[in-house]
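A.B. asks: As given, the protein sequences belong to chains A and B, one line each in that order. So for the first sequence, this note's numbering puts the first residue at 1; every next one is plus one. So for the second sequence, this note's numbering puts the first residue at 1; every next one is plus one.
One-sided and incomplete, this derived list gives chain B residues near chain A with beta-carbon spacing under 10 Å:
hint: 1; residue: Y131
hint: 2; residue: F133
hint: 3; residue: L216
hint: 4; residue: G217
In silico negatives: residues of chain A with every beta carbon more than 12 Å from chain B:
hint: 5; residue: I33
hint: 6; residue: V41
hint: 7; residue: A48
hint: 8; residue: H55
hint: 9; residue: A66
hint: 10; residue: R118
hint: 11; residue: M139
hint: 12; residue: G144
hint: 13; residue: E157
hint: 14; residue: E229
hint: 15; residue: T231
hint: 16; residue: I235
hint: 17; residue: S236
hint: 18; residue: L239
Calculated from the structure, these hints are not laboratory results. Remember, predicted model here, so these are calculated numbers, not experimental data. The beta-carbon is built from N, C-alpha and C at its ideal position, and this holds for glycine as well.
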Amino acid sequence: MRLLIVNPNTSEGVTEVIAREAQRVASPGTEVIAATARFGVSYIETQAEAVVAAHATLEALAEHAAGCDTAIIAAFADPGLEAARAMLDIPVVGIAQAAMTTASLLGNRFSLVSISRRMIPLFHACVERNGMASRLASMRMVEGPVRDVAAAGVELETPLVDLCRRAVDEDGADVVILAGGPLAGLADQVAGRIAAPVVDGVASAVRLAEGLAAGYGGRRRVLERPHTEKTFTGISSALAAILGGA
Amino acid sequence: MKIKIINPNTSLEMTEGIGAAGRSAARIGTEIVAVSPGFGPASIESYYDEFLCAPGVIDEVRKGDEDGFDAYVIACFGDPALHAAREVTRRPVIGIAEAALYTASILAARFSIVTVIPRIKSLLQDMVAHYGFAHKVVSIRTTPLYVLDIERDPAAALEVLRKAARAARDEEEAEAILLGCAGFAEFAQELEEELDIPVLDGVVCAVKLAEGLVDLGKTTSKHRTYRFPEAKAFTGMLRTFGRSP
Numbered sequence: 001m002r003l004l005i006v007n008p009n010t011s012e013g014v015t016e017v018i019a020r021e022a023q024r025v026a027s028p029g030t031e032v033i034a035a036t037a038r039f040g041v042s043y044i045e046t047q048a049e050a051v052v053a054a055h056a057t058l059e060a061l062a063e064h065a066a067g068c069d070t071a072i073i074a075a076f077a078d079p080g081l082e083a084a085r086a087m088l089d090i091p092v093v094g095i096a097q098a099a100m101t102t103a104s105l106l107g108n109r110f111s112l113v114s115i116s117r118r119m120i121p122l123f124h125a126c127v128e129r130n131g132m133a134s135r136l137a138s139m140r141m142v143e144g145p146v147r148d149v150a151a152a153g154v155e156l157e158t159p160l161v162d163l164c165r166r167a168v169d170e171d172g173a174d175v176v177i178l179a180g181g182p183l184a185g186l187a188d189q190v191a192g193r194i195a196a197p198v199v200d201g202v203a204s205a206v207r208l209a210e211g212l213a214a215g216y217g218g219r220r221r222v223l224e225r226p227h228t229e230k231t232f233t234g235i236s237s238a239l240a241a242i243l244g245g246a
Numbered sequence: 001m002k003i004k005i006i007n008p009n010t011s012l013e014m015t016e017g018i019g020a021a022g023r024s025a026a027r028i029g030t031e032i033v034a035v036s037p038g039f040g041p042a043s044i045e046s047y048y049d050e051f052l053c054a055p056g057v058i059d060e061v062r063k064g065d066e067d068g069f070d071a072y073v074i075a076c077f078g079d080p081a082l083h084a085a086r087e088v089t090r091r092p093v094i095g096i097a098e099a100a101l102y103t104a105s106i107l108a109a110r111f112s113i114v115t116v117i118p119r120i121k122s123l124l125q126d127m128v129a130h131y132g133f134a135h136k137v138v139s140i141r142t143t144p145l146y147v148l149d150i151e152r153d154p155a156a157a158l159e160v161l162r163k164a165a166r167a168a169r170d171e172e173e174a175e176a177i178l179l180g181c182a183g184f185a186e187f188a189q190e191l192e193e194e195l196d197i198p199v200l201d202g203v204v205c206a207v208k209l210a211e212g213l214v215d216l217g218k219t220t221s222k223h224r225t226y227r228f229p230e231a232k233a234f235t236g237m238l239r240t241f242g243r244s245p
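Kindly produce the complete structure, drawing on both the sequences and the hints.
C.D. replies: Here's what the structure looks like:
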């Protein structure tokens, strides 16, 4: 099985972190193909950045999805997820939706822990879109600047673990999600230090994507072709072709 | 990996069908055991049935832990006793309704549930809202079918189901169909081929989710909500469900 994982951030270092975790949890027969957004922002914090990243994500999917059995969008706001699903006939899984699904199976309430307060409105919108608002116990974010986003999981490990503990002890969380592509792989590393399950979006998405690609996932309805040929300007020819351009 | 699928009703023929559906989805190396409780209702089609099937479900989970199962699936589309089952074991417990809803929300923007008799519609509406999918479920189509009609005359049941699913697709723009009864599992593939949209049986969805959670090494959070029940005495018919304080 070929699994495409797209990093909607432009940081190659983050792509490596994501790909390493995806590869670690993937089944033996799964080939992981990682792609990085060609334009946009090094890591997404705001709605505006997520919109830009959504376009970059669609471009990456258009370029790399041929021949893949399933695709993952590996930024916590799931930028471009619904659009990607309408565009491709393979199952597309977002790491936020995957993490919240896993968390909901393990506990009744979850908290989101991540690296920047600026992400809070974006995360709230994502939680609401997924119908999970009533399951959210809290969001806790590390204060202060992020120096090297690809190393955030290492450099901010201590404050992140502290926030996970506070979510569990003070906010009523049954489960904690370490939210964001840059934190991929951290959940299992710190799990022993936190009294509740810690969930990773990338790992969750890989399991869901493999399950969907193996079980079903065909026969998805994709975009109807436009009635007349449309003109697309300034986007890649690969994306334009999928969207119905000349 | 060993997954125990609990059919909360006591109709053994249905349990066999559910086991077959589970095995059709399981990977090589996953052992599926499907069981019914030794006591409880023959089918579940009301609050009353849902309530009274719960002790039997809990009993099967407790026995399952003694037998070393890695995960449990509760195979009734109302997810009866789900939260209580999570309280009595560390192993993951998945309801087929939640599994179908989570899976559908990855495959389709909007979907419909086709199910049995009309009285269960409001139960399902409340459940869908509880899981946070009210905005994605475009319809819950009930049929005149009682649960036990399915095994009595599968061909007739499929005909009724086909009509409801087709109407959901064509009239409500459903992009996927959720089969709202574990007894419908055997029809999923045929309906999917015919309707050309995903037709999801919750048993299959739950087995894939269970395999995924076990692969990830994740177990139910025992930190707060799903802690083991407080030790206390139960009396009368339920005396075996108590635990010495």
